[in-house]
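Each residue of the sequence shown is one higher than the one before, starting from -14 at the first, in my numbering.
Read the hints as simulated data drawn from the structure, not as lab findings.
No more than 20 Å apart at the CA atoms, straight line, and that leaves these computed lysine to aspartate or glutamate pairs for DMTMM-like:
#1 112 x 169
#2 108 x 179
#3 108 x 169
So the derived label-pair ranges between C-beta atoms look like this:
#4 63 x 111: 35 to 45 Å
#5 16 x 169: 20 to 30 Å
#6 189 x 16: 15 to 25 Å
#7 97 x 177: 44 to 54 Å
#8 46 x 191: 34 to 44 Å
All values derive from a computational prediction rather than experimental measurement. Just so it is clear, CB atoms sit at the ideal spot from N, CA and C, and this is done for glycine as well.
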Amino acid sequence: MRTAPFATAACAFALLVSSPTLASIPGNIQEKAREGLLHVCRDVEPGNVNYHVCDEQVSLFDPQSPYTGSECTAAGLPPICRIDFIPNVRLTGNMTLIDDDLPLDGDGLFNGNAQATMILNLKFDWKVLTLIESFEGTKIGNWNPFDEFGLADPTQEIEYTNSPSTAFQFSNGNLVELGLEIRDIAQTFYPSEDLSGAVPVLTSIVRNPSKSPVDASGNGLGTAGYFQVVVRFARVRP
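Sequences and hints are given; from them, build the entire structure.
Here it is in structure tokens:
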């Protein structure tokens, strides 16, 4: 049986889309990362002399509050806490995101809910594998709901919410199974890496310049956008 590495959010990775223009990542993602993902003074591997886990936070009662970096200062390092990524596992690939604002039921009637589908083609070492998931509505994981018009506009890119691009988002809710599958497959292709205490995190998503969107935003059919993605793995807080 597959199990998530921490109970509060059986997380994997999250895709970074906002409504309606796909312009920014929604939600308090940096705060959620502080709560769920392990942070260290320098992103080096355990056993390195400069590997120090950040633990002290500004608030004793809020696990989403900023880290003080006191452990870094005590070790003679800058008081900066970073997400602890596993360095040797980095997946690249393509994502097709499909939205149909007017899906029809078996009788040809609109059922009142939009439907989204995600098709991921990820490169695992030497092999490209395809994973597909469909969703009722366009509220996927921590995303804001999106629509066909934003998806169809090739000028709308996804931007991180903070300038150093450290607000990576990881999934919960209806993205859990997809994320667990990604982790299980990655573990097979990278057997020397221990991914049991880590989750996949989407660290980059950009429009695929070689593929224009399929724009059906003006009729009853579905619209598709094409993106290039990078997925890394981050250790989770114990």
